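J.: Please work from the sequences and hints to get the whole structure.
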Amino acid sequence: MEEAAKHLLSKKREEKVWPILLIVGIFACMFILWYLMALQHRLLDIRYPDFRLDSVVVSPCPLTPSLAVAASAGGSSNNSNWFLTATWDLSLVFINPNHILGFSYNNFRAGLLYGDEEKKDKLILAMTPLPLPPLNKMSQTTINFSLAMVRSYVGEDMANELLMGGGSGGCYGAARLGVKLLKRVVS
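Reading the sequence shown from the start, the letters are residues 50 to 236 in the working numbering.
No wet-lab data here; the hints were simulated from the structure.
Certain hints may be false.
[Claimed, not checked] Within a straight-line C-alpha distance of at most 20 Å, the following computed DMTMM-like cross-link-like pairs (lysine to aspartate or glutamate) qualify:
1) K169 to D206
2) K168 to E210
3) K186 to D94
4) K229 to D170
5) K171 to D206
6) K232 to D99
7) K229 to D165
8) K171 to E210
9) K168 to E205
10) K229 to D103
11) K229 to E167
12) K186 to D99
13) K168 to D206
14) K229 to D99
15) K171 to E205
16) K229 to D138
17) K169 to E205
Since this is a predicted model, take the numbers as computed values, not measurements.
T.: Pasting the structure below:
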């Protein structure tokens, strides 16, 4: 009888060991994964490339939006549409700060936008594809390109901003313009 009791007690001890080993194994695997992720982040230190607008030149100078008046069907009221024809010469600097990783892009485009930074609905004035070479590790590349606007609709708000900015006889003024880069990373 005593042997049967010892046998039952030893059997219970064996059954209770495997859940503890399972929990310890799970925590060990989690720790190893966390350590490998921290090591990968430290070794690679992957950062996104920096894109900086270096210069912008617009012609003709000063900008003069044109007003196109279209009569409505009844002929009594007029609808005003403001258009702008201009060429924007831009210089963008691309900097890859990574020590190990290089980038190349597919379908890289730049667009000139008008609107507030906070608002989602911005007006696209012009867009062009850019021939961006691969960004090797620790490299800097400058791309010069032009955005052409031919009778692009600008709206009354932007037309008024551009007319006020061009009143000084030079090309100095302020308008809510921005350059947006649309890209798809290949590697």
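J.: What hints, given by number in increasing order, does this structure fail?
T.: none
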